[in-house]
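Colleague: Spelled out, the chains give:
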Amino acid sequence: MTIPRGGPTPETELTDILARHHGDPHRLLQVLREIQEAHQRISPQAATHVAKSLGVPLARVWGVIGFYAFLTSKPWGRYRVLFSDNITDRMLGNKKLLIALCEKLWVEKGRMSEDGLVSVDTTSCTGLCDQGPAILVNGRAIPSVTPARLDRVAELILAQTPMEAWPAELFVIEDNIRRKDILLGHDLRPGDALRAAIARVCVPGSAVEAAANERSWREGIPSVALCAALSVLEEIKRSNLRGRGGAGFTTGMKWEACRNAPGKDRFVVCNADEGEPGTFKDRVLLGAYADLVFEGMTVCAYAIGANHGFVYLRGEYRFLLEPLNAVLGRRRADGLLGRRILGQDGFDFDIEIHLGAGAYVCGEESALIESLEGKRGVPRNRPPYPVTHGYLQKPTTVNNVETFCAAALIAKHGSNWYRAIGTAKSAGTKLLSVAGDCARPGIYEYPFGTQICQVLEDCGAENTLAVQISGPSGVCIDASEFDRRIAFEDLPTAGAFTVFDSSRDMFEVARNYAHFFAHESCGFCTPCRVGTALLKSTLDKIAEGHGTLYDLAEIEKLDKVLHQSAHCGLGHTACNPTLDTLKRFRPMYERRLKSLEFEPAFDLDGALAKARQMTGRDDAGAHLSLESES
Amino acid sequence: MSEHATFLLDGEAVPFVPGQTLIQAALSAGHYIPHLCYHPEFKPHGSCKVCTVKVNGRTAASCTLPAQSGMVVESDTDEVNDLRRTLVQMLFAEGNHFCPSCEKSGNCTLQALGYDLGVMTAGFRHFFPDRPVDASHPDILLDFNRCILCELCVRASCEVDDKCVFALSGRGLSKHLVVNAESGLLADTDIALTDKAMEVCPVGVILKKRVGFAQPIGRRRYDPEPISAQALRDAPRAPSGAGHCAACEVEE
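Residue numbers (the numbering used here), protein chains in the order written: chain B, 1 to 630; chain A, 1 to 252.
If we strip away everything but chain A, and leave its shape as in the complex, we get (with noise of 0.2 Å):
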């Protein structure tokens, strides 16, 4: 494929190089297309579904679709939207999310997707699922009633830090989160504050204790700007783990 390559997306040029999937090849060209479990940094991983769009009329993820020359791809649509408009309140019926007294407030990543689409109602009624938290571990609080289950903490743990502390387990409504301990607990785990895993979550699972509404509402990350704003400053970025883990993924 030439260096020139490029596809259409929503009727402008994008060029690409070979193997960047869609939503990277658009990010790097400063385009935005609403994601949630992508993350520059890491494997792409296809699960939230929030950055599909159309290609060539057939619905399709960005995250993980690589990008092809002449590809027709629609983002920016009603259509589109309205799907991503529905996957976040499927999202928010998933969990039990209480903005108002979240410490991730105005920091978190489903929360300013949700103004960001349009979200105005809760679309579906809520699981509102009995989701004990782990407050095992000193500095550290797990509160799984906000798990969106991004694998973002999975990936950042095994393909950074090395270390694997976080896996799902379960299927369908019931998968969770469980750490790497005998116990099932986090303070079992040889998880550090300087973790990446630490870093990654996009909603308010994994806290650092005692740092709580540090910052005013006004000055949260999300208060100046919409996240669609925002996104690409932080895009794309080079991959900041070796990727590797002998005992996670096999493959490549």
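The following block holds chain B by itself, in its conformation from the complex (with noise of 0.2 Å):
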């Protein structure tokens, strides 16, 4: 075993890490991110004798640290202050408040000071759009940040101030909530939805019973207990709740295909990763609502037989582990969690929740598996599917936060209650998070059908251009377009509403937009690597007035390669938010132009100016003749 050599990293400490995870090479992530979180950074010696004790290649975990944004094994400083650079940020002027912090603390965006003290940088949305400008200081967020507050933090660091003794008042996150429906406003106690789902019957003579008495035997569990699972099953088919993350996947089919799928360990997993721009509906629900999200992962367990719970929490949403933890210790005391919940024989159930590290790739659900095993979190190929082989290729069931959520309603309530909230195609209620130019930004829970002109009224918004529905991997809708329904059918959404008034330019928002999607591709893939990186080159190209519209053409040929081509939704989603503003606001792209034809990248001329000065010529020959330019 290498012992640190007087590295940053006491030994003792590591062992402890690595004992709480039991050297299990699955644990990779968590125990680098616990490395990380108490000592800035991963030296190449921790790497070490890391790796000797999981059992894993080094060349591995240098694969794991180079993947996810908030690990490193180069020196990022004692405090690391990272600006979320959504487009919501920009709008509430993050950028000033970067350069200013950065004159104030001496320190070069995205460069360490030279003692080593602190480093300023920005990071993809950090979920706090309702009370921007956010930062992370080590990890932590602080929502709101004013040029007085961040003052108080700039002198907090220069005076050296562990970050356990700096103010709580710092850290403070509001919920923001402002309209409530069924979910918001349920009145269920911890642990009703649990004891309505296991006290479920089968109809006498229906085919549930049909199904539940011949598994019965199969399965080895008794036929009343199948019973009351199967008909859980059954009330979240019927109910036809669909996915709350994006894809609108119906959930009863996924628990029910994973239910089926031929294996003993089953595993539920929650998808807390919510990266997307401008989305932070989960947030809330795993602050405020926590109870309900366990509860409806519970009724899952019960549902489709499985054992263990996952919820995957994204690195962003680190201050909500104590609270989350506290919620499971609770549940566990009260017998809702642990073996035989309830008093149920069979029905056991835990939960452990898994800390992301700045990946939004790793919302998509096998790369969120794959993170929870540890690795990079890169897509994998498809088919096999999660239901069948998930994590540690076992049937695992993935949903949302929401999702999970409304699961515990509708084991409650029942599917009848539930279908008839929203729209034939869209059943029951969905959480926006409404921000940007609006009075009154935060939570908002409609019913689906709900008219985008009414959530505008609602928050606030005035002289509304346009609106982001479902952040970048979703449309840019404007004015004339606004008597459109949130709902599957017609703009289906994961929660991010994202309100832009006429004061704002749309080709930024695309251009901050492309710069996430090249910031976040994993890599995996020729076309999403490469094209989301030309698609930012030509935006930026644009910006600086030297675009023209070939390049234009260009960004239509990108989105084509990358629908074609690309590995997962990430790359296949990248173009949209530009394509969708080109198409609505094309004269904010033209009036960027240099000129209507070709334009080069770069002056010509110009490029010359080496060989003029080597050969000591100046005369008009050894200039580019600027007739055509004319």
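Treat each hint with caution, since some may be false.
Output of the computed footprint for chain B on chain A, the stretches with three or more beta carbons under 8 Å from beta carbons of chain B [unchecked claim]:
no. : region
1   : 48-55
2   : 196-205
If you only want the chain A side, here are some residues facing chain B, beta carbon under 8 Å, derived [as the list claims (entries may be wrong)]:
no. : residue
3   : ALA93
4   : GLU94
5   : PRO132
6   : VAL133
7   : SER136
8   : ASP139
9   : LYS175
10  : VAL178
11  : ALA181
In silico lysine to any residue, SDA-like type, Cα no more than 20 Å apart, as pairs [what the hints assert, rightly or not]:
no. : chain 1 : residue 1 : chain 2 : residue 2
12  : A       : LYS54     : B       : LEU392
13  : B       : LYS560    : A       : HIS176
14  : B       : LYS52     : A       : GLY184
15  : B       : LYS237    : B       : ALA487
16  : B       : LYS560    : A       : GLY123
17  : B       : LYS412    : B       : ARG189
18  : B       : LYS394    : B       : PRO383
19  : B       : LYS557    : A       : HIS126
20  : A       : LYS43     : B       : TYR385
21  : A       : LYS163    : A       : HIS176
22  : B       : LYS557    : B       : GLY569
23  : A       : LYS54     : B       : HIS572
24  : A       : LYS54     : B       : ARG382
25  : B       : LYS541    : A       : HIS126
26  : B       : LYS52     : A       : GLU182
27  : B       : LYS557    : A       : MET120
28  : B       : LYS541    : A       : LYS43
29  : B       : LYS74     : A       : GLU182
30  : B       : LYS560    : A       : ARG131
31  : B       : LYS560    : A       : LEU185
32  : B       : LYS541    : A       : GLY123
33  : B       : LYS74     : A       : ARG131
34  : B       : LYS541    : A       : ASP78
35  : A       : LYS43     : B       : LEU392
36  : A       : LYS208    : A       : SER136
37  : B       : LYS560    : A       : THR77
38  : B       : LYS52     : A       : LEU185
39  : B       : LYS560    : A       : ASP76
40  : B       : LYS557    : A       : ASP78
Honestly, the hints are just simulated from the structure, not real lab data.
Ideal placement from N, C-alpha and C gives every residue a C-beta, glycine not left out.
Each of the two chains sits in its own frame; use the hints to bring them together as a complex.
Modeller: Here it is as structure tokens:
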């Protein structure tokens, strides 16, 4: 075993972290994240130690560290300040604040200060768009940054005050719940939905009863218990509940496929990697409705016969870890988690929280599972799908936070009650994360079928130019479409609802999103790795005034390549914000083009300057003809 | 599924055995589909996307898609070849590929594919990334400028050599190859000239020192015949490795 030689990681602490994770290689990411949190870096010696202890190649450890934005092997300084760089943060002036902080701390963006004290940089949306601009300091979220609050942060850093001693009021995060419906206004007490689930009985002579009797023998479960589990499954199916993470897959079908998949161990995974810029509803659900989330997961476990659950919590929501673990502890004490839940033989289920470390692509369910297994979060080849080959290649149900909440409500109140809400094709309600140019940003819950104009009115949006529905991977709509509805059959959404008023430049919105996708591409497949970078550089070229019509055509070509060949949804949708805004706000692009004809990306004559200098010439013959420019 | 199961590839019936992916079945039956990161000796990986085909009207990577009876697959069409050409141009744009001075020239899969697919222009503005070489090893040079991130060396070193000398780190455009040493240098790994990982690089990243430019122009691999005429000779082959490395892929 290599003992870290005077490195920043004391060996005992490292040993403790490794012991806490039982030397399990699937815990590699969790181990690295904890080392990072304790020491603000993972030194090469620590990485070697981890590799040896977990029995994984060191190169693999480098690979994981390099994949996640919140992990580093090179020092970043004792304090690392990351400015959330979503378009909403931009609109609230985060750039100016970043420059001001850099000047105050005498540091250049993206580089550690000479004394190793601090570094300042940007990061992808941190899910605090309703109270931006937001920053993370050593992973801890600080919302509503004003020049005064930022001065406070700078002083604390310069005084080298340990993070634990920073004033608590800096870290206060509001829920900003503006409109409640069945979910946010629910009256379930912990355990209600589970008790209702367990109490379900089969309708005599029904297909569910026949299935339960037939399986009872095969699965070795008493037919009464199986009857209840399969009835819950049936209720979820009948409710028409569809996934709330964006794709909208029918939840009941997913659960059933997982239950029917061969294999003994099954897993329930809650996707709390809420990375889509502009969405923050899961933050509020996990903060204020954690019981409902866990209740829904436990209902799922009961229905599909799973014994182990994970919440994959995005690293930006690190502040939720302790409160969530406290709720889990209370539920265990109350017999709602653990062995023999509510006294039911064979109903054993527990939940564990895994943290992400800054990777949007891990919101894709198969990438999330890779990350849960401690690897780089690269989406898998499908088929097979997670319902049959998920975590550790075992049957796994992955659902969004909000989906589990809805499932708990359905388990209690039944499918008829649920189906009656919303539209024929979109049952129930949807949480929207409203932010941007409006008077009252926050969480709004509406029945499906609600018109965009209704939301705009309720949130106090005026002179609205455009709304980005479901974040950059969703759609951008303009005023002519505000009568459209939030529904799977019209405007499906994962929840982000970002409002832009007439003072905004939609080209800059698209450019911000293009930078986001290039930053978050996992780099696995050629089209996305190179295509998102090309899109970014093309929009930068237009922004710098070197763009031409040719570039606009190039964007459409890139879009086609990405749609045809990208490995996952990130690549498929990467060009959407650009094409949406190009279609609706073309003048905002065209007025930036240097000419509507071809324009070279660089100054041809300027490129000859070095040759002129070397040859000592500066006559007309040493310059490119400028005649054609007139 | 019966042993006579077939799918249609550009109008011709191609037989397959259950479990085979499209490209495996196609190559076995003597049909070439352009590919880069796919290698018959390793588990398909699906990252370069050059082998993309149209299956029942939808595009998919043929190296990872399991063949199914009755599939209608289009491969040698203008639309699909256009896509492949663009993908190859993207790979050229991403790294630093200077064929005339590269000792892999003439034996390089990327270059050969470029010729065969008719890549006549750069297509995109090149990124010209800064990628220092690793010349630390006495016998082996790593020139990362040419890396196309196909992971063949990663797979060979793990699956066949059981060493895991290589892995990928970073993400997006800054994804890059790393080696299994605390110093980050190849000299401190246990790579050997006899390793499978030394043979598989399709481009000029992993090179034996002091043997460059051994074959004169005209006698290099892709001088006499284009890659499409040669690829079938190499495929299919039985996997040479046991396909295991306890530490690597925990799955399966």
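Colleague: Go through the numbered hints given earlier and state which of them the structure violates, listing their numbers in rising order.
Modeller: 2, 5, 6, 7, 8, 12, 13, 28, 30, 31 and 34
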